[in-house]
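Chain residues, written in single-letter form:
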Amino acid sequence: MMSIDCPFCGPRDEHEFKCGMQSHIQRPALSATDEAWATYLHMRDNPKGWHFERWVHAGGCRQWFNLARHTVSHDIATVYAMTDPRPELEGGMA
Amino acid sequence: MSQPFRVAGTGRVDRDRPLRFRFDGVQYTGLQGDTLASALLANGVRVTGRSFKYHRARGLFGAGCEEPNTLVQLESGDRTEPNLKATQVALYDGLVARSVNTWPSARFDLLSVLRHFKALMPSGFYYKTFIAPNWHWYEWLIRASAGLGKSPREADPDRYDKRFEAVDVLVVGAGPAGIRAALAHAGSGREVLIVDDQPAAGGSLLYDDTLIDGATPERWLAAQLARLATMDNVRLLLRCTAFGYYDHNEIQAVQFEPGVVRQRLLHIRAHEVILATGALERPLVFPNNDRPGILLAHAALKYLRQYGVSPGRRVVLATNNDSAYRVARALRAAGIDVVAILDLRNTSAAQDAAARDGFTVHAGAAPTDTRGAPALSRVRWHRVNAAGQAQVGQDGDITCDALLVSGGWNPTAHLMSQSGGSLRFDDALQAFVPHRAVQQQRSVGAANGEFEGSLDVARLQAVDVSPLGQTAAYSWVDLASDVTEGDLRLAVQENFSAVEHLKRYTTTGMMTDQGKTSNVNAIGVLGSLAGKAPGDVGTTKFRPPFNPVTFGAVAGRHVGPFYHPLRQLPTDHLQHLADAVMEDYGGWSRAAYFRRPGESEAESVAREVNAVRHGVGMLDYSPLGKIMVHGPDAGEFLNRIYVNNLKTLKTGKCRYGLMLNEHGIVIDDGIVTRWDDSTYQVGTTSGQAQPVVDMLEEWLQCEWVDLDVVVEPVGTQWSTLMVAGPKSRQVMARLGLDIDLSAEAFAHMDARQGWLGDVPVRLARVSFTGELGFEISVPWSFAASLWQRLIELGEPDGLVPFGIESLMVMRIEKGFLHVGSDTDGTTMPQDVGFGGVIANKRADFVGRRSTMTPEGLRGDRKHLVGLQAVDPRSRIAVGAHVIDASTKAAARSQGWVTSAATSPTLGRSVALALIENGAERIGEIIQLFDDGRRMPARICNPSQFDPAGDRFHVH
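Residue numbers (the working numbering), protein chains in the order written: chain Y, 1 to 94; chain W, 1 to 955.
Chain W on its own, in the form it takes in the complex:
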């Protein structure tokens, strides 16, 4: 038989649907409905992993999210996923998985040699050992041997998504307590969402056969689910794990939807949250309690009832509470030999009943050692006293192949604790239970410490084998991160007595299971050593996620081109047709330059600059921010915003202005246009289009609430094309606008509204190139046809499209400021030539007071100036520092180059720089220091080409 541990007559698996899978290179067969874990157990695979630090052989221990041992790397290539718990992987045909942290396989792991060095690797081993010369000398070796799975190297081909939900009641967990709570709330008509991490609803009803409301679990579950299904206000999401509880009752969950999207991240906002998350069984702490074949008792029950798999053929149970007895009865009913039950308690009702029914029960007894390689073959036990101490001479040996342990139950209070709620230690349950909630939330059922009947749990403590002369060095507390009771003892000896310190020093509870089986036992051990009650030791903080979440789910759709989506020009397709080299400029995809065959970038830029300087060029300038400011107080408002005096701006005129923040720092510049008495248009740089809107609205709504002004961003309603060059007017004239373009009727810095046929047009005569120039704006959807028309009309004059790089060369030649390049977070308007403008304005404006502080009045402020290399063949580099001309040694920086370009117009390098007191130093020779090289340069006026601006005024 291919699945020797499959049991007949029990389980929810489909025996007619075998599934083939591979684990560590070996082919196996499982059944539809199996998890990878249950299929491995059915095939008798005992060793399923190696421990984190010492590479000890480990087998399946749990059956759900608590599994500490069996982490697998699922599949390979672009769909591989590391560190999945085999207990949470639903089996499918063709599945391929490998154990992590093993080589070449879990069964034959060459690194298992490390287990012989355990005594040499105590708590804090890494901190204590790898100090000199440096931890990084050793890190690679340690990371290679103590590790988890491998991250995928290729892009994930699957889709992930997010969804936001708002509901009246969220129920986490579809076990009996959750179903009852959902029915109670649904009856009042409220919208109820139930989430459960399993593929089927029912929770413990799927494996526990205890009668509920007098019915069998199957009948009860079927009846309640049928009732819920008739209710329109109830939804049930399966395979959906709630993993985090955040502010204001927000729960995040990840939903698995194979075939649609791989995983969906849910943000659920609920008026009320019902936590019906059940409880997790605790292991017992005794020597060699980590051998393959040792499982949690109820994990074994789940394997038997849900998957029809037996954990072994000769089974021993070890318990400190009554719940394990139902596991013993279930195993016997399935025909499995229950050899003995070791019960740490001297008496209990369940013990007596089991003894009457013919079970061999050793009362007041505990396992004290195990044998078997690689998997369990023998359990040694001793009688223990009430303090948990093993008694010499009162012992036995049992041959078996499975040992099922139950050390009590911990309510799954992770989400409750994450919500800010507090826990208290319950003496009867010997566990932490929900205490005070701080959000609209309630725990019910086992999650609240409510169990059917009494568990009659013995005191939380490790089995003390010191009377036998044994140590605690192999009594594992945390299987996942390889921490023993001995490690905890050493840490306490070294004075790590606070639970948060103990956790970090020993790494208890810090693996991917977040200590689901280990944390409370560690607290028990710490309490015993420190002579404190567990409640006084307290718990460490529970943090999200409850179960690991993939990066894919967190990223959702924000991957690939949607990670940083670029905005497109209205003429995007035409830019490409014209062989534009497109680049990301502040989130916009714009042409850097247009490449002609055989041209280098520098040659393309030089050709475009020459075309504009001597003929005519065109650029899509649409990303420019455009903000309409309406209202009777619009002028007053903008006068408070701009450094410039806008009171004197006349209708139909443009003005170049600067904006500051309240700290007096230059944040944007642009052209303001006045269209009529109460309508202005604010032009911003493309990068600041949105921040300036935000700033204007904040001042209006928060400070100057009395002003009657409306701000309306129209940046992407109006598209703007820049047509520049001495021949630009004759090209524009051919368009047939109803606007007189003559120099007399339409002067530099004039603006007009008009029509191009039946298309509205806004036209401004402004220039960022230094040449005669027009900026023509039309509704966004007309921009592409306008572009094509201007290309045709401009052909007789040699019109070329030009890109941002060419525009930048021209503005550097002209010394035009580029905020963010030529300014930084300390630049004030007086530093960039606006001192006179401020002096001529009487009214306050945003940031003005800050320009008058001692900082603003310092005599050595850095001013924006021009630079030219003394040797015209030299190239000035952006970022080069300005130092004293005479010094040969290292010298203090007096400033730096902010912009530089090779000017095709002047045939040499041109640059702008921020230099201490630079405006007073025009003509001075300084040295530029760049990456070890020195170069003499002369400080000059920022405008190195046509400083008088004659070229604006071509007739």
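Same shape as in the complex, but just chain Y:
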């Protein structure tokens, strides 16, 4: 089980959190094409490396935040605010 460093509460066990999956996805306007809307709904990255995802401290402060997790080692490189841009990290996005 991972330990996640909640920006508001500090490190807590993973079971207090819920994963909201990939972050930094732009919601299209109502006028979007069917293809753009389908991409928004369904198409997700599946990297071997750093993955940028959003989590909520559901069993704590109930705040959402972003983090970068390595899909092989489960290392968490950084935890950052929902409004922050995606950080640049070494170690591969592909």
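Check before you lean on any hint, since a few could be wrong.
[Claimed, not checked] Cβ pair distances, simulated, as ranges:
(1) W/Glu583 <-> Y/Met1: 30 to 38 Å
(2) Y/Arg86 <-> W/Arg159: 25 to 33 Å
(3) Y/Met1 <-> W/Ala223: 32 to 40 Å
(4) Y/Met1 <-> W/Pro258: 25 to 33 Å
Keep in mind the hints are simulated off the structure, nothing from the lab. Every residue, glycine too, gets a C-beta built ideally from N, C-alpha and C.
Dock chain W against the given chain Y, drawing on the hints supplied.
Showing chain W alone in chain Y's frame:
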């Protein structure tokens, strides 16, 4: 003497405290401080189990977690525990144990006839033999004969618990390396937790008498433990087995605390983990190396020093390294006859020293066969060359009753490997040692391959008896799962050359000991056969648990009523007093209906429905979700959430609305109330109360961060009672609220805040029954007294409490949607009559774009409609499929019945169904197909009772 193998002058057992116990039905006596294993050995019980597949007689082989042979079923009835290693069971007075996989006992096992069929059961025997017609034809017989202990049949009466720990440093193992590491870290003031699976700290110091820092082990241990005891930042947990190493330095351990809870599961998060888990001795592989009386050399040392028990009276040692010589000296010091030492190596310093001290040492020699039934009586040996091949003509025979073997040492690297770390093969040690750590973790002492002095280990290989004309068919590699060198050879011949394949095909290392004594020897055999170095063969993946863990420890307190705890209504006790039949509705214990003497369920429901339709009824509606939405942008926010246009909702008004997910699917419905310009209340179904809160917070925090809105769930702050029926207003009027309840002042879908004395009240005129209705909310703690008061005030009008089943009948009569029953994961708002609402709304809302996709615009979407049976006596069943009216043959389903009830009001069956293009087919006759029966039915408006809604507006 009752314990013929008990040795005087050695051991940590209490000779003044005898303990009586039974094993396989025979009464024995042991001592306080014994394990079941040491007590059996003291009593001369040689045969302690039967092997897994062939039912060969087996005896004690190890002295700890590595024991492969002696698995017992401890106790009986509700406290029975299967497959415990006798070496890990602390003896207590009155203990009762049986060997597993034997009948009637280990000594006289009738299934031992199977041992004669060994040659017929090679690797992959089951895969190859039980193919036709089907494995399941044979499974029961095989499971009965090749098996382990029996699971308990009764509920476990003991308590189990869990605890979460966070420490700076976790030290696993309280042997000399662990104690040193703990002292080093504790000195810097860090919080240190030490866990050890034994009842006493010390590890090898408890049986090895080698001087440490110039002191005897006893003195050294006592001094260090005294130092640790003075440190406030150090804790030592004994009888606590670390069994798993997970992400982010989480170690799980199970702690035995007899008398408090039976077992406690610890989740330990540590900044740094020190693995001081020691090493496990390896056996030697030679023919008939599984006979009772053959033990690991250091297991024998432990039995002697820790428990004062000798493994035999005439002992032979067989070794490929120097460590066994200290066992020989200890046995001699205790007065036990060490007949000979067989050493696979031609020379070594320890050999020479032993020879000088008068031991009979056969250098360059190995055991090549054993005799004795059921237990060992003779060892045959041959000289071997450097390749491990036995040499014809250079042999001997020794009469003995114990053979102690040492084939080198494997660092206990299980946790290290579980953590993701890699191992490398160390040539000097002929073993796998920790290589690269990937977590904050370090192995120390024997666990890191560091031993006192050199072990001078000979090459890892089986004793090759082919020059003698013998086969490897009885050279056991894995005693626990009955795998021989011959089995491994066959598997390699059949091209199972990858170690992970070999393991699964032969089952090597797959028993409850997870190959603690067998895995590395198997790798050695595989390497020899494939001409590869063991390091190139590699190891199989180590997986948790290191030692078996009971389900009780994993479940902890989540058993019985705490497995799925039900939430209770604020009026729970009053529901019971009113003879409610309580059921689980989405995690809430709620009244299904109220039973009066002599009534069937259907009669109770009909009585309650009639009472509401003609008089007045009351229901505790508190599980309904209630979410306050505050802030200047609250209206804008909710307009983006709901399908409905909420811009037109006025203060003091309610509106029924639908919520979708982003895929356009209906996920919840309920009443929205506007209390003032910037305060709304969202009502949800009881099952969705929490998910809707989660969804609102996610949209606010992740997408619309610019909106000034706060979401506040108040579902269990406010309790709600539903009072419904044409007489509901006159009952409510008697309460004395400061709210004008007249039809003119308080219309359908109005909401007011007011007071009942000094209790705040929220009142809404809404209806899920189709009748005039009120939902009155008060703080949770006032609900029970309000319920009692309404029962009293309603008595003149015949007010009855009613349950969820009656409510469901009424909402089906009315055609009111029940999300999750009348909708599924494909239902969009246009399917349930909300097409017009969407058309009249301009703004975007969650899921709107998905309703406009080709899927959302299909002409054959299933619409929610009503159904009535053509024959009014027929009953419509939920789940019945809709097929073409004319067909007599099998036909394509056009939809199905989602809700159905027998309507007491209409005197016939009423139903709702999702039917392709149903809204355009009102009046059409279709067929319902249910479990082979067919029934004609007519598609109708969903609302079959009072479709115009006149009854909402009773004056």
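Evaluation of the provided hints:
no.	hint	in the structure
1	W/Glu583 <-> Y/Met1: 30 to 38 Å	holds, 35 Å
2	Y/Arg86 <-> W/Arg159: 25 to 33 Å	violated, 48 Å
3	Y/Met1 <-> W/Ala223: 32 to 40 Å	holds, 38 Å
4	Y/Met1 <-> W/Pro258: 25 to 33 Å	holds, 28 Å
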